[in-house]
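Q: Given next are the chains, with one letter for each unit.
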Amino acid sequence: MQRIGVFVCHCGTNIAATVDVKAVAAALANEPGVVISQDYQYMCSESGQDLVKASIKEHNLTGVVVCSCSPRMHENTFRKAAASAGLNPYLVEIANIREQCSWIHKEIASATDKAIVLGKAAIAKVHLNTPLTAGESPVVKRALVIGGGIAGIQTALDIAEAGFEVDIVEKEPTIGGKMAQIDKTFPTLDCAACILTPKMVEAAQNEKITIHSFSEISDVKGFVGNFTVTIKKKARYVDETKCTGCGLCTEKCPMKKVPNEFNMGLDNRTAVYIPFAQAVPKVASIDPNYCLMLKNGKCGICSKVCSVGAIDYKQTDRFVEQKYGAIVVATGFNPIKPDKYDEFAYSWCPDVVTSLELERLMNAAGPNGGTLLRPSDKKHPHTIVFVQCVGSRCDDEKGKPYCSKICCMYTAKHAMLIREKYPDTEVYVFYIDVRTPGKNFDEFYRRAVEQYGVHYIKGMVGKVNPKSDGKIDVQASDLLTNEQLHIDADMVVLATAIEPDKTARPLATMLTTQMDTNDFFTEAHPKLRPVESATAGIFLSGACQGPKDIPETVAQASAAAAKAIGLLCKNSITCNPCVAHSDEMMCNGCSSCEKVCPYGAITYENKEFRMPDRTTAIRRVASVNPAVCQGCGACTVACPSGAMDLNGFSNSQIMSEVDAICK
Amino acid sequence: METFTYYPGCTLRTKAKELDRYARISAEALGISLVEPENWQCCGGAYTTATNEAATKLSSVRTLMAAKETAGLVTVCSACHNVIKQTNYDISHSEAMAVKVQRYLGLDDPYKGETAVYHYLELLRDVVGFDKLKEKVVNPFTGRKIAAYYGCLLLRPSKALAMDNPENPVIMENFIRAIGGTPVIYSQRNECCGGYIALEDKAQAERRSGAVMASAEEMGAEMIITACPLCLYNLKKNSGNDMPVYYFTELLAEALGLKEAGNE
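The listed protein sequences correspond, in order, to chains V and U. Each residue of the first sequence is one higher than the last, beginning at 627 in my numbering. Each residue of the second sequence is one higher than the last, beginning at 165 in my numbering.
One chain only, chain V, in its complex shape:
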């Protein structure tokens, strides 16, 4: 007969305010096999755990049921406590009477009844629990960083610094990301390129780091410590190993009217191109959408001028397979396109630009060589209006519900830089609130107002009216003076919201990680595990997890690296023993389980069996690789003959839980 101990937690008032914990403990004491049932204020505290441990020893318990919070929170805590008292940790069951009971109910009587039923189900299950022993699996000492912006670069550098091999996979032809496009950085106004490009070079030169530029992730298999990733190296029609980055091909290319992505389409590049002067790797790529040779087979000039013979028009996509112990996601963000905000006339007036376009207009390597000129007539603007929160903090489906966090600061930066360089230019900033939490941030904003005389106006722009003389009438309201304003501007700058990169969602599916409704990756715990995803071995770095400025991104990138290093330092990790297994005598070889397994853990083999009439027969049966199985249970449900079962969550255990609830 089992000897079961029941421990009911108050969780302060979290549970006890809605559930009569004493009544729960008393009711569960009468369940078969229960030898002790007690309640305690904080079962997860040291004294609470001691209570569990002492009870195990004193009452010789063969099973433990803790009625407390979600098993995601403290299952491990109580398993460890049981193990230290000599009980197999897999003989501990959690009844979740907090998230699934006290927090969602208001009425004490019904919540108490439900808590008792949940406790009974856990007791019914623990009757059938068997001791399980976790195995170990080796850790591949190599990390993958997806995304080569400042977040990915910092993570890779930190992991390499600890002595591990790291691969960066970047979808663009160069690493550097958004920071490479930025002119100056707040709140110190140092040049972005000056602090970023040395890091890019460092990454390229570090012998532990391999950069796969112009590459994408096409498949991810495996699990923590042992991922197998297929990287698609997209055809760039230039042999990376031969190209020296001399740029002669880009000078001679006759196709010169290709919108330049790096300068936000404000000027043109050639069909064969190097994105910018400090690109890493400094290797040319051919854009197949514009290259005359690739489109019509007529041209071939770049191939003729290349002295090292690097041009290869026949190059195709290549696939590389590599094993990794840890994966860090650093896919970053993009500003939204303001096409749903046509009241600002962005789609039909060239002098209405986004903030990132303004960065390029002001950058020395930008289309105007660093002189701020209007895109329409290349004249110097004398009045500039900034509109904040375009697409951020929206309550309708047009925009994003969240604050994009970085816009207040970069707008203050833009306003200040313009006033500094062109004191004859008046600058107006329309805002809902100015949000500047951060070290030296509010001081920075105040400097823009007090020292540089930027006109900050609380209110929103209602309409932007471009006129025939090139002026732009900006119609707005000043909420503090309750006045309608018309500002005769030369340029309008929209501080557009930022959103996760479009590649993030398919990647999340491949990695089996979670995202929120805005497609930001979800961290394992919003406070206590901010750089880990809920999937073991997958870490989050930078703005893919939520809007972030550069200092925060770098801090999180290093934190993600630290977590990845912690994993890579181990020679092996403890496996989850709750894995599936197949009863070969019941298996009919139908392959249903193999088809539903998301981890590729199930294979089939032909085995020799002794039949009842003493003959032998060859039968096709399933077998599970326990190192690959993640214990999701999909196969146990799919198996028509009931041969597949899951350790710790067997079919009989689940049925007995259901029986206990329905009794």
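No lab work stands behind these hints: they were computed from the structure. Small disclaimer: the values here were computed from a predicted structure and weren't measured. Keep in mind that a hint or two might mislead.
[As the list claims (entries may be wrong)] Only pairs whose alpha carbons sit at most 20 Å apart, straight line, appear in this in silico SDA-like list of lysine to any residue: (1) LYS966/V - LYS323/U; (2) LYS1089/V - ASN332/U; (3) LYS1089/V - GLU331/U; (4) LYS1031/V - THR980/V; (5) LYS1024/V - LEU325/U; (6) LYS860/V - THR836/V; (7) LYS963/V - GLU331/U; (8) LYS1089/V - GLN368/U; (9) LYS1093/V - GLY374/U; (10) LYS1153/V - PRO697/V; (11) LYS1089/V - SER322/U; (12) LYS323/U - ASP968/V; (13) LYS1026/V - LYS323/U; (14) LYS1089/V - MET383/U; (15) LYS1026/V - ASN329/U; (16) LYS963/V - PRO333/U; (17) LYS1093/V - TRP974/V; (18) LYS966/V - VAL334/U; (19) LYS966/V - ASN329/U; (20) LYS810/V - PRO824/V; (21) LYS1024/V - ASN329/U; (22) LYS963/V - ASN332/U; (23) LYS966/V - LEU325/U; (24) LYS1093/V - LYS309/U; (25) LYS1026/V - SER322/U; (26) LYS309/U - TRP974/V; (27) LYS966/V - GLU331/U; (28) LYS1093/V - MET387/U; (29) LYS1024/V - SER322/U; (30) LYS1089/V - PRO333/U; (31) LYS1093/V - GLU386/U; (32) LYS966/V - ASN332/U; (33) LYS908/V - VAL931/V; (34) LYS1089/V - VAL334/U; (35) LYS1089/V - ILE349/U; (36) LYS878/V - TYR939/V.
Given chain V, work out where chain U should sit, using these hints.
A: Just chain U now, kept in the frame of chain V:
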């Protein structure tokens, strides 16, 4: 010849006879048969934004019901279109509203929003096709700079009306191109003309309609077209600007060589 139910609305019988007349003869020339339902009522005039209000929507529902068996219900007045299309949206998107309306009307076959509602411009774009229209033009407005005036009711609320982007529409500009003219883009084309405020605060209406006309003129327009009788009234009478204002149907009839026939 495809048959649509055609709802003129009260204003097209009184103040805006041209809007109606040119719409009818042009449709016929374009192979569309417009049939007016018998004993139609006023659309309600203004859409009630109270979400639980059904009584004021009943007259629109009767019109919608009348068109159930035809290819769709065509309206031309911006205000009628706004009221009728929003009412149809309410009924097809809210079970509660459909039930409420049915309790008032007690129909044998309850109306659930089956009728497709077209503005005349949508009819030109989606049924006739602007390319087809272009082929039928005999008097193109070549070189004429024409400003489209949408006003506020034609496109908004965009979720229910689902006609075009209310902040950067193209449907009327494409219509102007189809009849051979050059559309003039100006910022006030989707702003309010002053509407009914002309009755209470004439100065305000003068400011609004004046701003619309000035904006179009400033961008080089020589005439302005609209689909709304109230807009036309404000732009003509209250703007203090002499630039000609026409219903779009008048230009359509002229382009198709039907203006004389329409004036008879």
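Q: For each hint, tell me whether it holds in the structure or not.
A: Hint check results:
A C-alpha spacing of about 13 Å is found between LYS966/V and LYS323/U, which places the hinted pair at or below 20 Å, so the restraint holds. As the CA atoms of LYS1089/V and ASN332/U are separated by approximately 12 Å, the hinted pair is consistent with the 20 Å bound. Only pairs whose Cα atoms come within 20 Å are accepted, and LYS1089/V paired with GLU331/U is accepted, the gap being roughly 10 Å. Taking the CA atoms of LYS1031/V and THR980/V, the gap is about 16 Å. The hint holds against a cut of 20 Å.
Of the supplied pair hints, the one linking LYS1024/V and LEU325/U holds, its CA atoms being roughly 16 Å apart against a limit of 20 Å. Restraint check for LYS860/V and THR836/V: the C-alpha separation of about 16 Å stays at or below 20 Å, so the hint holds. At roughly 15 Å between alpha-carbon atoms, LYS963/V and GLU331/U fall within 20 Å of each other, so this suggested pair holds. For the suggested pair LYS1089/V and GLN368/U, the alpha carbons sit about 18 Å apart, so the restraint of at most 20 Å is met.
Distance restraint check for LYS1093/V and GLY374/U: the Cα-Cα separation of roughly 16 Å lies within the 20 Å cut-off, and the hinted pair is therefore satisfied. Of the supplied pair hints, the one linking LYS1153/V and PRO697/V holds, its CA atoms being roughly 18 Å apart against a limit of 20 Å. Distance check on the hinted pair: LYS1089/V and SER322/U sit about 18 Å apart at the alpha-carbon level, within 20 Å; holds. With a C-alpha separation of about 16 Å, the suggested pairing of LYS323/U with ASP968/V holds against the 20 Å cut-off.
Distance restraint check for LYS1026/V and LYS323/U: the Cα-Cα separation of roughly 18 Å lies within the 20 Å cut-off, and the hinted pair is therefore satisfied. Taken as a hint, the LYS1089/V and MET383/U pair is honoured in the structure, with Cα atoms around 17 Å apart against an allowance of 20 Å. With a C-alpha separation of about 19 Å, the suggested pairing of LYS1026/V with ASN329/U holds against the 20 Å cut-off. Of the supplied pair hints, the one linking LYS963/V and PRO333/U holds, its CA atoms being roughly 17 Å apart against a limit of 20 Å.
Under the criterion of a C-alpha separation no larger than 20 Å, the hint pairing LYS1093/V with TRP974/V is consistent with the structure, at around 12 Å. For the hint pairing LYS966/V with VAL334/U, the CA-to-CA distance comes to about 14 Å; that is within 20 Å, so the pair holds. Pair hint LYS966/V plus ASN329/U holds up; C-alpha atoms about 8 Å apart against a cutoff of 20 Å. Proximity of LYS810/V to PRO824/V is assessed by CA-CA distance (about 16 Å); at most 20 Å being required, the pair is judged to hold.
About 12 Å separates the Cα atoms of LYS1024/V and ASN329/U, which keeps this hinted pair within 20 Å; it holds. A distance of roughly 15 Å separates the Cα atoms of LYS963/V and ASN332/U; the hinted pair therefore holds under the 20 Å criterion. For a cut-off of 20 Å, the pair hint linking LYS966/V to LEU325/U stands: about 16 Å separates their Cα positions. Distance hint between LYS1093/V and LYS309/U is fulfilled; the C-alpha atoms sit about 16 Å from each other, no more than 20 Å.
A hinted pair counts as satisfied when its Cα atoms are at most 20 Å apart, and LYS1026/V with SER322/U qualifies at roughly 19 Å. For the hint linking LYS309/U to TRP974/V, the alpha-carbon distance of about 18 Å falls within 20 Å, and the restraint holds. Distance check on the hinted pair: LYS966/V and GLU331/U sit about 8 Å apart at the alpha-carbon level, within 20 Å; holds. About 18 Å separates the Cα atoms of LYS1093/V and MET387/U, which keeps this hinted pair within 20 Å; it holds.
For the hint pairing LYS1024/V with SER322/U, the CA-to-CA distance comes to about 12 Å; that is within 20 Å, so the pair holds. Restraint check: the Cα-Cα separation between LYS1089/V and PRO333/U comes to about 15 Å, which is no more than 20 Å; the hinted pair holds. This hinted pair checks out: LYS1093/V and GLU386/U have alpha carbons roughly 16 Å apart, not beyond 20 Å. Taking the CA atoms of LYS966/V and ASN332/U, the gap is near 9 Å; set against the 20 Å cutoff, the hint holds.
Taken as a hint, the LYS908/V and VAL931/V pair is honoured in the structure, with Cα atoms around 17 Å apart against an allowance of 20 Å. Taking the CA atoms of LYS1089/V and VAL334/U, the gap is about 18 Å. The hint holds against a cut of 20 Å. Using a Cα cut-off of 20 Å, the hinted pair LYS1089/V and ILE349/U holds, with the two alpha carbons roughly 15 Å apart. Taking the CA atoms of LYS878/V and TYR939/V, the gap is near 17 Å; set against the 20 Å cutoff, the hint holds.
The structure meets every hint from the earlier list without exception.
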